[in-house]
Amino acid sequence: MTSASPVEPMERSLEAQEPPEEGTRWALLAAIFESPVTVLAVVIIAIVLFMAVAGELVAPYGANEINVMNQLQPPNLTHLFGTDELGRDVFSRVIIAARVSVQVSLVSVALALVMGVSIGLLSGYFGRWVDIVGMRSMDVIFSFPVMLLALAIVAMLGPGLVPAMIAIGVVYTPYFARITRASVLSVREETYIRAARSIGASDARILRLHVLPNVMAPIIVQTSLSLAFAILTEAALSFLGLGVQPPQPSWGRMLFDGRGFITEAWWMAVFPGLAIFLTVLALNLIGDAMRDALDPRQRSAIEARAGNL
Amino acid sequence: MSALFELVDFGVQIGTRRGTAHIVNGVDWRVQAGETLAIVGESGSGKSMSVLAATGLVPSPPARFSGQALFRERDLLTMEDRERRRVRGRHIGFVFQEPMTSLNPLLTIGRQMTEAPRQHLDMPSGEARDKAADLLNLVGIPEAAQRLDAYPHQLSGGMRQRVMIAMALMCDPEVLIADEPTTALDVTTQAQILDLVTRLQSQFGMAVVWITHDLGVVADFADQVAVMYAGRIVELAPTSALYRTPGHPYTRGLLDARPRLGETEAELATIPGVPPDPRRLPPGCSFWPRCPYREDPRCETEVPPLREVAPGHLVRSFYSITQRAPRDQEA
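From first to last, the protein sequence lines stand for chains A and B. Last residue of the first sequence? That's 309 in my numbering, and every number before it is there in order. Last residue of the second sequence? That's 640 in my numbering, and every number before it is there in order.
For reference, chain A alone in the conformation it holds in the complex (with noise of 0.2 Å):
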């Protein structure tokens, strides 16, 4: 990894710098790109968006088509990744509940975002009692054990989808609020935002000029971070019962459907463990990378370790 600093070095003579280099948003991408990982992650999470979008018209068969003369066969050239207890084709099924997962860790983290990012602004910029309030609140809900607090909201909302993302996108808040406002700490006492200020500009007009763009990046990177954390959530709830509800497939269920059979038909667990596990990494993947080319002083902690010994 290049070591390049943001910082530029100060420049004091009165001609002006060479216009700029072009598109220095390209050069960000190219810097994503840079490592083949990265670009199989990208790859690997495009299959997913695929197989949520198109699902049943790339499927081979349907989600629900039981042929129960065809239970538990292995893998094979007509159902690749075999069938389960009940003759329905898992490749089929891994493919179609796609779309579930994708959704919900969608809309939940979009939830989080909104909602973490809000408190994390304002409890940052005004500080004083609205940073007491909000802060202290996203501690109570960060006391709180993912899982345990995930089961308890949906527990109270009953079973679902849409309770599932409720309860993922409130588990993620504090996360957003607190990377927001440790960034908004720093960014307010900015000499641009006192100038920002002394024009005139409300402390609306600041917060979203001024504020919220240079606070970004952390956000973009805990983005993709919890898009990882919330696909493991509602699979783990999905697996519990309390998310997805049969007969819509979905890989958390699929999980608990295989564990009776681990021993005899170790590719009904395997398969949707494997997607999980891929869209997983290759998201952890595209937030480091993100990090790395957003933000280079925040390296990742192997990374600092390897440079530094």
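Mixed in with the good hints there might be a few duds.
Said to hold, decoys possible - Here's a subset of chain A near chain B, in silico, CB distances under 10 Å, partners left out:
{"id": "1", "residue": "ILE193"}
{"id": "2", "residue": "ALA196"}
{"id": "3", "residue": "ARG197"}
{"id": "4", "residue": "HIS210"}
Read the hints as simulated data drawn from the structure, not as lab findings. Every residue gets a Cβ at the ideal spot worked out from N, C-alpha and C, and that includes glycine.
Fit chain B to the given chain A structure using the hints.
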């Protein structure tokens, strides 16, 4: 005649865990259109704080203000926030110390410059852009029209300070407040910025309040100089009088501490000691513990009043030091 912008018995206090800090105490000054007031003092003397607080740029709470800050006889302190923002954007322009961080790195120069006139004057964006280009040209930025689309990181420090000055002038302000605008710049650039502001001032007839810690910077162009120490004005005088006959021991110490060309003395004169803690100001003259001239017993127990020693020349002391030599420095 009433002043364009004036502070009347202005004070700033900040409550801290270990007592109230009196950052600014009973400051009075006024500027007229076309005049330049320089406020000089060391770090922590309250020079920036007095001006920023008066214009509502210091959050309250935790700060508390007393006295008045009058712009065209209207008190900025008691005004509605909305109204104050309008005055600030429309009538008072600011230039800050750090040109490297005074511009939002994510917005183009043009976008930032046009913000104020669009907001406060409802200027159409095309017109605002033209005005921005004109002003960039005026402050000496080549290819001004193209620079509008540049991002701050593409400009040098001196250039950015010019942009800041142009930005402060976008709404044709009557008062320009310059908070150590040249401190972060090298000497050549400093001189150019000073010339620029002087030129703009005579062109637009603005009042300029120039905050600095460098007495040398203000000698050439300020009409009046206010010297601040521990939150109080210790001397306020027409510039030439201040340099010719400094009336306060602190001012004299500052003037003696300047390096002079051609002098071969190995060490600069200094003022021994440190300024007092604003949470525990001495009951008397705040300079008393460091004062080489102290004599009068009242100095230790009561704050000296501002005395007019010559027309327009105010000194905060009980007696004149102009004829005295400093006492020997005892430890």
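Exercise. Could you tell me which of the hints above the structure violates, numbers in ascending order?
Key: Violated: none.
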